[in-house]
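Undergrad: Quick note, the sequences are listed as chains A and B, same order.
For the first sequence, my numbering begins at 1 and goes up steadily by one.
For the second sequence, my numbering begins at 569 and goes up steadily by one.
No lab work stands behind these hints, which were simulated from the structure alone.
Heads up, a few of these hints could be off.
[What the hints assert, rightly or not] To give an idea of the chain A side of the interface with chain B (calculated C-beta under 10 Å), a few residues: (1) R122; (2) R176; (3) R180; (4) D282; (5) S306.
Bear in mind that the values here come from a model prediction, so they are computed numbers and not experimental data.
Heads up, the beta-carbon is just placed ideally off N, CA and C, and yes, glycines get one too.
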Amino acid sequence: MKKLSGAQIIIESLMAEGVDVIFGYPGGAILPTYDALLDSKIKHVLVRHEQGAAHMAEGYARVSGRPGVVMVTSGPGATNTVTGIADANMDSTPMVVISGQVATTMIGNDAFQEADFVGITRPCTKHNYLIKDVRDVARIIKEAFYIASTGRPGPVVVDVPKDVQQSEHTFKYPERVELRGFKPTRKGNPRQIERAIDAIEKSDKPLFYVGGGVQWSGAASELTQLARGLGIPVTETLMGLGSVPASDALCLGMLGMHGSYGTNTAVCNTDCLVAIGARFDDRVTGRIADFAPHAKTIIHIDIDPSSISKNVKVDVPIVGDIQSVLADMLQVVKGRESIAKRRAAWAKWHQQILQWKREKPLYENGNGPRPGGAVAPLHVLEELHTLTKGDCIIATDVGQHQMWVAQLFPFEKPRSFLTSGGLGTMGYGLPAGIGAKFAAPDRKVVVVSGDGSIQMNIQELGTAVQYGVDIKVIILNNYFLGMVRQWQEKFYQERYSYSAMSVPDFVMLAEAYGARGFRIEKQSELARTMKEAFATPGPVLIDVVIPKEEAVMPMIPPGGAMSEMLFA
Amino acid sequence: MPSHTISVLVENEFGVLARVAGLFSSRGFNIESLTVNEDPLDPTVSRIVLVATGDDQVLEQINKQLNKLISVIKVTDFKDTSIIDREMVMVKISVDERTRAELDSIVAAFRAHVVDIGPRAVTVEVTGNADKIKAFIDLVRPLGIKEIVRSGKIAMARAVQHETNHRTAAREAG
Chain A
1 MKKLSGAQII IESLMAEGVD VIFGYPGGAI LPTYDALLDS KIKHVLVRHE
51 QGAAHMAEGY ARVSGRPGVV MVTSGPGATN TVTGIADANM DSTPMVVISG
101 QVATTMIGND AFQEADFVGI TRPCTKHNYL IKDVRDVARI IKEAFYIAST
151 GRPGPVVVDV PKDVQQSEHT FKYPERVELR GFKPTRKGNP RQIERAIDAI
201 EKSDKPLFYV GGGVQWSGAA SELTQLARGL GIPVTETLMG LGSVPASDAL
251 CLGMLGMHGS YGTNTAVCNT DCLVAIGARF DDRVTGRIAD FAPHAKTIIH
301 IDIDPSSISK NVKVDVPIVG DIQSVLADML QVVKGRESIA KRRAAWAKWH
351 QQILQWKREK PLYENGNGPR PGGAVAPLHV LEELHTLTKG DCIIATDVGQ
401 HQMWVAQLFP FEKPRSFLTS GGLGTMGYGL PAGIGAKFAA PDRKVVVVSG
451 DGSIQMNIQE LGTAVQYGVD IKVIILNNYF LGMVRQWQEK FYQERYSYSA
501 MSVPDFVMLA EAYGARGFRI EKQSELARTM KEAFATPGPV LIDVVIPKEE
551 AVMPMIPPGG AMSEMLFA
Chain B
569 MPSHTISVLV ENEFGVLARV AGLFSSRGFN IESLTVNEDP LDPTVSRIVL
619 VATGDDQVLE QINKQLNKLI SVIKVTDFKD TSIIDREMVM VKISVDERTR
669 AELDSIVAAF RAHVVDIGPR AVTVEVTGNA DKIKAFIDLV RPLGIKEIVR
719 SGKIAMARAV QHETNHRTAA REAG
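Given only the sequences and the hints, what does the whole structure look like? Please build it.
TA: Below, the structure is given as structure tokens:
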């Protein structure tokens, strides 16, 4: 059998996994693999900073459901990806990072561009490998993809010393993996499923609380069927938005720190909370002791047993793949006539929630004109919705703009909202949007960012230009780190400690990169300029000046209870 | 805080101890004692026996987080299991004509072994559970301990288990 180099084996293995694009950056220790890559059909996207590659892989993964692939060199190339890896780990995003490493004989010698990458990434990966023998390359890459995409998804690092890339071995891609320590439970325990349905049937005010797990599992349609079939309202976490169509009256939108009054009041009053692929994050629960105080039963469906009863004691745990569990639940519900009789009570509960929502809607007076004809963030999102007819992928950064999108943009489909939820990584949006476009070239991709966040990875505009990525970037620019400013205003007596920021001329910057730039300062220009910008092909940056006083409301103060919501 | 003895079967591979130890430090769990050794019958696996402290919720998380590690094959929490556990300690104790007889009687009573004798010091090895080791140390302390080395705990389940096994219920729920 013909022998291949370790580098060629890596590329052959990636092709066997069906990888169509790699986000990466070459350098000394990974050059043998880059050399092999040149002869393959795999597309490569040369980023401007390795953090960008990691977020692109995340964006790609969230839209496609398949692991995003990153390739970088040793030392700084590898360490630059750490934020993206940690982000993927928190948000359960499948990713495989192939990093070059100094030769095995040099490891531990503080060699040039050496970093203990498996040591550094051990706490922020699902698993990681240092390949010491060329005979292990194919098996480990097979395992890496399997681990990244099976069970609760996550990032896997494969660190490959240069001499391993250069050694030779025959290539045979394994057909399956054998991992004694990794056997996720797919099918939910039928008795637990019965118990869950019993509890739901007995309850008067049931509520679904759904997170990103629904989307990773591909269970949006089962969830929508179940919610509609029973008439049970659904609230979504930041990562869960789009799981049921926002236009459905049962969809209550986001709960938690910036959830609407009606939605959070529903959580405060439910007597049976059904958590599905969500993990009771502190931004959702607020003060944990006061979370869902009237819930007699909490049901939790999750693929990851360690998420269950971690923050909140759960009465009915169901470990399993959400799609499989919800499909089983649908079967149980179908066979039970008694449950249909509950619909009337639940419809009353739903009406009560809608009444709460009407009492205190989001941004009640928010659509009105601003002093001096300024643009309000709401106006921008409305315009965006009009221009795209609501059908687009939105990637955001982190801060006020992110929360405005989460609160106000009605996502009709899953896998449409890309945002950094767990880690809260500023600089995520632009590269994630670029990665998304590689996964879904036919979908409109929009990045909504802030003047602070966009500058964290603005260099990836160069990548977008080089590859002609058709992406529209809206900067809600208030010359401030807006969310920091908001907290300082509300909780630090308006002491704005180092949160004001000067920004470059974004239009000139876009043009300098070879992209197009637009600037909007008045509401009167908004519709026309946005339309023009969206009609311009290729990467476009739209700098929209908004008043610094615009705040994300309502808000539960950090560490506060849901009932302590602030409205102004 | 109650302590728990947990036996963890892991892949015998590079970095596995760091994964387990790192899990405890990054999640803020406490380890009291830890031993690790290759399985004499199957060199592809190692066994880590650790003693951790925490309330029930913390212990449940420790179990689940250990299970989540890809390199971990099996976690056995001896919470509701009757076990045999042993630690070993070597103590170098000062002796003179006056104290030698006293030390000999303590060694005999504890079924300990003298493993090294010098002109002014004797080294004694004691094996037993934590209580026995503590009692031995307390008794020889007045004689003058020059040096002491203590192993971590090793443990295994007894062949015959008593009733009141809560673990079945816990497993079904999980």
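Undergrad: Give a verdict on every hint.
TA: Hint check results:
A cut of 10 Å between beta carbons decides the hint on R122/A: the least distance to chain B is about 5 Å, and the hint holds. Hint status for R176/A relative to chain B: violated, with the closest Cβ pair at about 16 Å, above 10 Å. Given the 10 Å rule on beta carbons, the hint for R180/A holds: about 5 Å separates it from the nearest Cβ of chain B. Residue-level restraint check for D282/A is violated (minimum Cβ-Cβ distance to chain B is 15 Å; threshold 10 Å).
Against a cut-off of 10 Å between C-beta atoms, the interface hint on S306/A holds, since the closest Cβ of chain B lies about 4 Å away.
Comparing the model with each earlier hint shows violations of hints 2 and 4; every other hint is respected.
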